[in-house]
Structures are given as C-alpha cells and as structure tokens.
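Engineer: Turn these sequences into a full structure, and let the hints steer you where they fit.
Taken in sequence, the protein lines are chains W and C.
Numbering (this note's numbering) for the first sequence: 9 to 415.
Numbering (this note's numbering) for the second sequence: 9 to 415.
No lab work stands behind these hints: they were computed from the structure.
Careful, some of the hints might be misleading.
Intra- or inter-copy, both count: the list cannot distinguish identical chains.
[Said to hold, decoys possible] The calculated DSS-like cross-link candidates involving lysine-lysine, where the alpha carbons are at most 25 Å apart (straight line), are:
no.: 1; residue 1: K298; residue 2: K59
no.: 2; residue 1: K204; residue 2: K159
no.: 3; residue 1: K371; residue 2: K159
no.: 4; residue 1: K71; residue 2: K314
Chain by chain, the residues run as shown.
Number of protein chains: 2
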Amino acid sequence: MVNFDEFYSDRAGKMRKSEIRELLKVTQDPEIISFAGGLPNPLSFPISDLKIIVQNVLNNHGKVALQYGATQGINELREIISERSHKEGMTVGASPENLMITSGSQQALDAVGKIFLNPGDVALVGLPSYLGGINAFRSYEANLVGVPLDKDGIQMDLLEEKIKELIKQDQPVKFIYTIPTFQNPAGTVLPESRRKKMIEIAHEYNLLIIEDDPYSKLRYDSAALKPIKAFDDEGRVIYMSTFSKILAPGLRLAWIIASEEVMRKLALCKQAQDLCSAPFSQYIAYEYMKSGSMDLHIMKICEMYKPKRNIMMDSMKLYFPDGYICNRPKGGMFAWVTLPEQIDTEAMFLDAFKEKVAYVHGKAFCVDGGGSSSMRLNFSYSTNEQLDEGMKRLGTVIERKMKVLCR
Amino acid sequence: MVNFDEFYSDRAGKMRKSEIRELLKVTQDPEIISFAGGLPNPLSFPISDLKIIVQNVLNNHGKVALQYGATQGINELREIISERSHKEGMTVGASPENLMITSGSQQALDAVGKIFLNPGDVALVGLPSYLGGINAFRSYEANLVGVPLDKDGIQMDLLEEKIKELIKQDQPVKFIYTIPTFQNPAGTVLPESRRKKMIEIAHEYNLLIIEDDPYSKLRYDSAALKPIKAFDDEGRVIYMSTFSKILAPGLRLAWIIASEEVMRKLALCKQAQDLCSAPFSQYIAYEYMKSGSMDLHIMKICEMYKPKRNIMMDSMKLYFPDGYICNRPKGGMFAWVTLPEQIDTEAMFLDAFKEKVAYVHGKAFCVDGGGSSSMRLNFSYSTNEQLDEGMKRLGTVIERKMKVLCR
Chain W
9 MVNFDEFYSD RAGKMRKSEI RELLKVTQDP EIISFAGGLP NPLSFPISDL KIIVQNVLNN
69 HGKVALQYGA TQGINELREI ISERSHKEGM TVGASPENLM ITSGSQQALD AVGKIFLNPG
129 DVALVGLPSY LGGINAFRSY EANLVGVPLD KDGIQMDLLE EKIKELIKQD QPVKFIYTIP
189 TFQNPAGTVL PESRRKKMIE IAHEYNLLII EDDPYSKLRY DSAALKPIKA FDDEGRVIYM
249 STFSKILAPG LRLAWIIASE EVMRKLALCK QAQDLCSAPF SQYIAYEYMK SGSMDLHIMK
309 ICEMYKPKRN IMMDSMKLYF PDGYICNRPK GGMFAWVTLP EQIDTEAMFL DAFKEKVAYV
369 HGKAFCVDGG GSSSMRLNFS YSTNEQLDEG MKRLGTVIER KMKVLCR
Chain C
9 MVNFDEFYSD RAGKMRKSEI RELLKVTQDP EIISFAGGLP NPLSFPISDL KIIVQNVLNN
69 HGKVALQYGA TQGINELREI ISERSHKEGM TVGASPENLM ITSGSQQALD AVGKIFLNPG
129 DVALVGLPSY LGGINAFRSY EANLVGVPLD KDGIQMDLLE EKIKELIKQD QPVKFIYTIP
189 TFQNPAGTVL PESRRKKMIE IAHEYNLLII EDDPYSKLRY DSAALKPIKA FDDEGRVIYM
249 STFSKILAPG LRLAWIIASE EVMRKLALCK QAQDLCSAPF SQYIAYEYMK SGSMDLHIMK
309 ICEMYKPKRN IMMDSMKLYF PDGYICNRPK GGMFAWVTLP EQIDTEAMFL DAFKEKVAYV
369 HGKAFCVDGG GSSSMRLNFS YSTNEQLDEG MKRLGTVIER KMKVLCR
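Structural biologist: Here is the structure:
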C-alpha cells in the first residue's frame with residue numbers, strides 16, 4: 009500500500025487534530041447537555057422569513073444566484089454591508105472595494121494566514137484565543153505567541169513588552185490577532201482606550217492587526233463600542249465579521265475588510281481557495297438585509313440569549329463549589345471559567361462525560377500550553393432547562409473532583 | 009502609509025493575477041459575445057424544481073441546514089454520492105468515509121495543494137491544463153511541469169519520460185493532475201488503456217494521481233468511461249467532481265474522494281479552510297438527488313449543449329480560414345483551437361475585443377509558456393444565435409490577422 013507520509017507537505021505534518029472537534033464527536037449522544045460547541049441556538053434561525061426570502065431570490069435573481077459569481081462577492085451585498093460598516097464607525101476604508109465576501113470567517117482567517125505567514129513568522133494571539141484562528145495560522149506553520157488577557161481583554165503593557173522581547177530575539181511580529189468584543193473564549197471586551205492603544209502600538213512597531221468581530225451585535229448589557237478598525241487611518245487593521253451569529257452559519261457567509269492593496273492579494277488568494285462564495289447564499293443574505301429585518305432579528309437573538317447567559321451565571325453561583333473565577337460576559341456566546349489550579353479540566357472531561365455534560369477544556373485555547381484549569385462554556389445553544397440541569401451536573405463533577413484533590 | 013510588501017508571505021508574492029479573470033472583466037459589456045468563461049448556461053438551472061426543493065429543505069431540515077455542519081459534509085449527501093460513485097465503477101474506496109463535500113472543486117484543489125506541496129515540489133499537469141488547478145498548486149509554490157496532450161489526452165510515453173527525467177534531476181514527482189474526460193481546455197478523452205497505464209506508472213514511480221472530473225456527465229457522442237479511480241486498488245488516485253456543471257455552480261458544492269488516511273488530512277485541512285461547506289446548499293443538492301431528477305436533468309443539459317457544440321464546430325468550418333486545428337469535443341464545455349503559429353492569440357485578443365467577441369488565449373493554460381497560437385472557446389454559455397454570430401466575428405478577426413501576417 010501507499011505510504012502517504014512520504015507525500016505530505018511540511019504544513020500538513022503540523023496540522024493538528026482539532027481537540028474540540030474530537031470532543032464534539034463524543035457529545036453526539038442526545039442525552040448529553042453540551043456547552044462545548046460554539047453554536048447559535050437553532051430556534052433563532054428566521055426560518056419562516058427565509059422561506060419567503062429564498063423564493064424572492066429564485067424569482068428575482070435565479071440565473072445569477074445559481075451561476076458562478078465575482079470573486080469578491082456580489083455587488084449588492086458588498087454595498088449594503090459597506091453602508092452598515094460606515095454607520096458602525098468604519099468611516100475610512102470600508103467601501104465596497106475594500107470588502108470581500110468569504111465562506112465563513114474561517115476562510116478569511118485562512119486567507120490572512122496564506123497571504124501573510126511564512127513558516128516561523130510570529131503572530132500574537134490572546135491567551136486564551138479562538139481555536140479556529142489558531143488552527144488557520146498554524147496550518148501555515150506560524151510561530152504563535154500568546155499575550156495574557158485580564159478581565160478587559162489583551163493587556164497593552166504586556167503586548168508591548170512581548171513585541172519588544174520578540175524584536176530583541178530577532179523575531180519581529182507580523183500581526184496581532186484579536187477578538188476585541190465578547191472574546192471567544194474569554195467573553196472580555198477591550199475598552200476604547202485599549203483599542204486606540206493597540207493602533208498606536210501597531211503603528212510604532214509596524215505590524216498589522218487582524219480584528220475578528222463575530223459577536224459584537226450580541227450585546228446584553230454593554231454599550232456599543234467602535235471596532236478597532238474605526239480608529240485605523242493607515243490600513244493596518246484587517247477587519248472580519250460574519251452572518252453566522254446574526255443570521256445562520258449554514259449559509260457560510262462572512263466578510264473581510266482591508267485596504268485596497270491587501271484586498272487585491274486577498275482576492276487572488278480567494279480565487280485559488282474557492283473561486284467565489286455561494287452567490288445563492290449571498291443573495292439570501294442580501295435580500296434579508298434589504299428587507300430591513302436584520303436589526304429586529306438581532307434584537308430577538310439578544311432577547312433569547314440574555315436570559316440564557318443569566319441562567320448559566322446564576323446556576324454557576326448556585327451549583328459550583330467556591331473557588332472558581334468567572335467574569336459575567338456582557339455579550340457573545342461564551343463564559344470562561346477558571347477552577348482552582350489543582351483541577352485539570354482536560355482530565356475532568358471524562359468525568360463530565362459520564363455525567364452527560366460537556367465543555368471545552370481551556371488548554372485548547374492557549375498557545376503557551378496554559379489554561380489547564382479553565383474551561384469554555386457556551387450558553388447560546390442549550391435550552392433554558394438544559395442550561396440549569398447541565399450546570400448542576402457540572403457543579404457535581406467539579407465538587408467531586410475538588411474533594412478528591414483536597415483529600 | 010503601510011508598505012504591505014514587507015508583510016506578504018513568499019507564496020503571496022508568487023500569486024499571479026488570473027489572466028482569465030482580468031479578461032473576463034473586459035467582457036462585461038453585454039454586447040460582447042463571450043466564449044471566454046467556463047460558465048454553464050443559466051437556462052439549464054432547474055429553477056422551478058429548486059423552488060420546491062428549497063421549501064422542502066427549510067421545512068424538513070431547517071434547523072440543521074442553517075446550522076454549522078460536519079466538516080466532511082452532511083451524511084445524507086455523502087451517502088447518496090457514494091452510492092452513485094459505486095455505480096460509476098468506483099467500487100473500492102468510495103464509501104461515505106472516503107468522501108468529503110467541498111466548496112466547489114477549487115477548494116478540493118486548494119486542499120490537495122495544501123496537504124501535499126512544499127515549495128518547489130513537482131506536480132505534473134497536462135499541456136494545456138485547467139487554470140484553476142494551476143493557480144491552486146502555484147499558490148503553494150509548486151514546480152509545475154507540463155506533459156503534452158495529443159488528441160486523446162496526456163501521452164503516456166511522454167509522461168513516463170518526463171518522470172524519469174525529473175528523477176534524474178533529483179526532482180521526483182508528487183502527483184499528476186489530470187482531467188481525463190472532456191479535458192479543460194482541450195476537450196480530450198483519455199482512453200481506458202491510458203487510464204490503466206497511468207495507474208501503472210503511478211505505482212511504478214510511487215506517485216499520486218489527482219483526477220478532476222467535472223464534465224464526464226456532459227456526453228454528446230461518446231461512450232461512458234470509468235474514471236481512473238475505478239482502476240485504483242492502492243488509494244493512489246484522489247478523485248474530485250462537482251455539482252457546478254450538473255446542477256448549479258452558485259451552490260458551490262463539489263466532492264473529493266480519497267483513501268481514509270488522506271481523508272483525515274483533508275478533513276483537518278478543511279477545518280482550517282472554512283470549517284464546513286454550506287449545509288443549506290448541501291441539503292438542496294441532497295434533496296435534488298433524492299428526488300430522482302438528477303439523471304433526467306443531466307439528459308436535458310446534454311440536449312441543450314450538444315447542438316451548441318455542433319453550431320460552434322459548424323460555424324468554425326464555415327467562418328474560420330483554413331489552417332486551424334480543432335478536434336470536435338465529444339462532451340464537456342470547451343473547444344480548443346490551434347491557429348497557424350504566426351498568430352499570437354494573446355495579442356489578437358484586443359482585435360477580437362474590438363469586434364465584440366472574447367475567448368481565452370492558450371498561453372494561460374500552458375505552464376511551459378507555450379500555447380501562444382491556441383485559444384479556448386466555451387460553447388455552453390452562449391445562445392445558439394450568439395454562437396453563430398460570435399464565431400463569424402472571430403473568423404473575421406482571424407482572417408484579418410492571417411492576411412496581415414502573410415503579407
């Protein structure tokens with residue numbers, strides 16, 4: 009038989025099994041209450057609206073929606089997102105020419121990795137940070153270096169220190185990857201002062217910022233903040249957002265905003281990635297935005313998720329033994345819990361599995377090997393009843409573990 | 009301002025503008041008759057069937073079709089494609105576990121490049137060969153080496169010679185990229201004897217075969233042939249096909265079949281590429297296949313395209329001056345025309361553009377810099393009237409060019 013190992017590229021050799029995905033396989037048992045995935049609640053999908061929208065798309069745009077489309081995406085959708093981006097503060101550099109539709113944010117992350125990262129290039133990521141970003145950059149053999157978060161996200165003094173240290177080691181940083189608003193997994197929000205400071209640092213040390221913004225619309229008790237991109241007058245920030253959390257991930261639609269020069273490279277990259285994102289999905293998103301239903305729909309999602317966040321936090325207080333740390337997330341989909349350091353959440357996963365409750369262990373999000381006593385809990389997917397029951401089960405698991413360890 | 013050149017990866021530096029895409033921009037004038045694109049005819053899209061299908065999808069699968077899906081694709085679709093593949097002769101190694109749904113074949117080509125190609129690695133491609141494949145492999149800095157086609161596709165003696173030559177130069181080949189049936193752009197069909205021979209060569213020299221098969225269902229007067237994959241008992245052949253030519257490219261759906269070991273790498277790669285292909289599109293394709301309409305629909309497409317092929321060939325005979333070579337394609341979407349060698353089809357493009365007719369010049373498909381007097385003509389997209397009129401215009405352009413050159 010063929011020995012395929014002889015054929016794989018160096019980068020393929022470094023592709024790691026996604027720990028989350030492996031764990032998720034375990035959680036397909038319907039009796040398991042899973043806080044592991046990053047899934048929107050399926051009840052939030054506007055199915056009845058989409059039935060009408062999809063007919064409109066086939067009636068009005070059938071022949072173009074079913075055909076190959078432009079690499080950067082259909083003009084109508086790029087224009088309507090561009091208008092929205094302007095309203096959100098991206099007054100410079102967010103015109104339709106600066107904008108490309110991608111097949112989910114993951115494709116945008118892949119493209120960023122592909123056009124910027126040589127093997128060994130340094131990219132800074134939060135400690136913890138989104139696993140999909142980590143995977144995308146690792147698949148181009150990047151050297152990922154972590155910068156610790158506090159309760160307000162990436163710490164600017166530590167960021168600058170790390171950059172200086174890396175320069176001394178002759179390893180200059182190419183970009184910072186950051187999820188400033190309702191960070192995945194930590195749930196933190198970077199304050200405006202830090203956003204501005206990050207831009208200053210990027211300018212001073214000549215590096216780029218990759219701003220990943222999937223969750224900022226899912227606000228429960230937090231004021232709206234401008235994206236980092238809104239403070240960028242040099243084109244250093246490459247911004248991305250997605251329809252996955254505000255409409256439906258099953259359409260696989262997101263967008264990336266970058267200065268026109270970078271956009272030309274991104275478009276070349278996208279041609280080799282998948283030629284274009286599905287025009288059919290794009291017209292659905294366009295007609296949906298055009299219908300004016302988007303804002304109302306986002307309100308509905310927030311009304312659905314806020315009580316879920318509350319139940320998770322209340323149940324945590326009720327069922328978890330003392331000694332954990334969890335900042336109440338003001339938006340997004342995740343709570344990040346740190347347990348006493350004797351507890352290894354990776355090892356504890358099997359205990360949780362036996363109790364039919366699942367989470368993702370913290371190490372999966374930490375490029376420095378840390379996070380071993382932390383876990384990420386998703387609160388958007390489960391029903392309210394499952395949230396309470398699942399937290400109860402998880403509390404029992406943690407309590408038992410702590411007793412064993414304290415003996 | 010930022011000097012982005014300092015940031016790009018080596019591979020980004022080597023990404024070339026797609027010549028086709030640049031040319032296509034020119035052809036957006038509605039008065040231009042374009043034989044340049046590789047587009048299906050929009051009248052072939054089963055829009056009224058899809059109106060029903062899409063409602064079924066939203067009614068029966070709404071919550072899963074709009075959610076994130078499994079990386080390898082939804083089970084239902086993988087099973088139904090697997091069954092079909094078995095019927096087409098892929099009796100070994102085409103089970104659902106061997107099959108992954110991709111976002112168009114382009115993504116499958118990107119994944120193959122990503123998991124197999126280190127910078128400088130050799131891949132063999134036909135002379136000429138499909139530009140999308142060339143682009144994907146180039147984006148991983150491959151060393152693409154061409155093997156000439158005759159009227160029956162890649163020549164096996166030249167293939168073997170080239171492999172030996174490369175081994176001597178200490179540049180062993182990783183894989184052969186081939187479109188055996190109704191090749192893009194040449195329209196050739198590799199006979200069964202050559203298919204078997206290619207497998208033997210792959211075995212003898214220990215290399216892989218990437219079989220790209222988008223067109224085999226579009227048969228006008230050619231017997232069905234088994235894919236190369238059907239003769240593969242070692243897992244050396246990685247097979248890909250697509251819904252773009254038999255349903256609608258706007259769904260961006262294709263599939264790739266590989267041995268399970270390679271499939272694990274491909275799935276890891278896909279996680280970083282875009283997590284999963286749109287479950288919404290996947291359920292549409294699945295319901296469409298399940299409805300039993302697919303075979304009838306393929307017949308209809310063939311009934312639509314065959315007369316188009318005939319018109320193109322008849323008009324060529326009628327309007328083109330003597331001295332060209334074009335083998336009548338027995339299927340697919342393209343005719344490959346070679347003009348007398350004094351003619352440079354790239355230079356002639358502007359003349360054609362002035363006459364409001366477009367094609368793709370042959371050099372774009374030839375990794376050795378050849379093909380300068382050839383052109384690719386698409387016959388699926390235009391109306392019958394446009395086909396005749398466009399060939400007339402093109403004949404005039406060629407005739408004029410030849411007169412100037414022969415003076």
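Engineer: Quick check: which numbered hints come out false for this structure?
Structural biologist: none
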